[in-house]
Amino acid sequence: MEGIIGTETAEREIWHEQRRRVGLLTEREWQVFLLLGAGYSNRSISTRLKVTEGTVKAHVAQILGKLRVESRLQAGLVSLTHQFFNKSPMVAGHEVR
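Going from the sequence shown to the working numbering is simple: count from 1 and add 3.
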């Protein structure tokens, strides 16, 4: 029983730390983050947000660093998890704040 409780506590701590890191994203990084979670490519994100693909790559690099993840897949999973647990309202791939 102690092992289960310890695991739940550790998972809860990881979740709280991840939520804190998500809060470090700028508004534009947040938009890119949500689209990563929806599976968009850099090219699709650039078209949707009307920025260059290079700008999207720069935002993705910043997101990976702030979230301390190694890939856009990991960032996308964080995005999906964050949206699921926070019930983020989405309109056309963007959160309504």
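It should be emphasised that the hints constitute simulated quantities derived from the structure, not laboratory data.
It should be emphasised that the depicted structure is a prediction, and the values quoted were computed from it without experimental measurement.
Do not rely on the hints blindly, as some may be mistaken.
To be verified - Have a look at the derived ranges for each label pair, beta carbon to beta carbon: (1) G57 <-> T10: 18 to 26 Å; (2) S47 <-> T10: 20 to 28 Å; (3) V54 <-> L83: 34 to 42 Å; (4) E56 <-> E30: 16 to 24 Å.
To be verified - With a straight-line cut-off of 20 Å between C-alpha atoms, the simulated DMTMM-like cross-links for lysine to aspartate or glutamate are: (5) K53 <-> E20; (6) K60 <-> E20; (7) K53 <-> E16; (8) K60 <-> E73; (9) K69 <-> E20; (10) K60 <-> E16; (11) K53 <-> E30; (12) K69 <-> E16; (13) K69 <-> E11.
Ideal Cβ positions, reconstructed from N, Cα and C, are used throughout, including at glycine.
| said: Which constraints among the numbered hints does this structure fail? Numbers only, ascending. | reply: 1, 2, 3, 5, 6, 7, 10, 13
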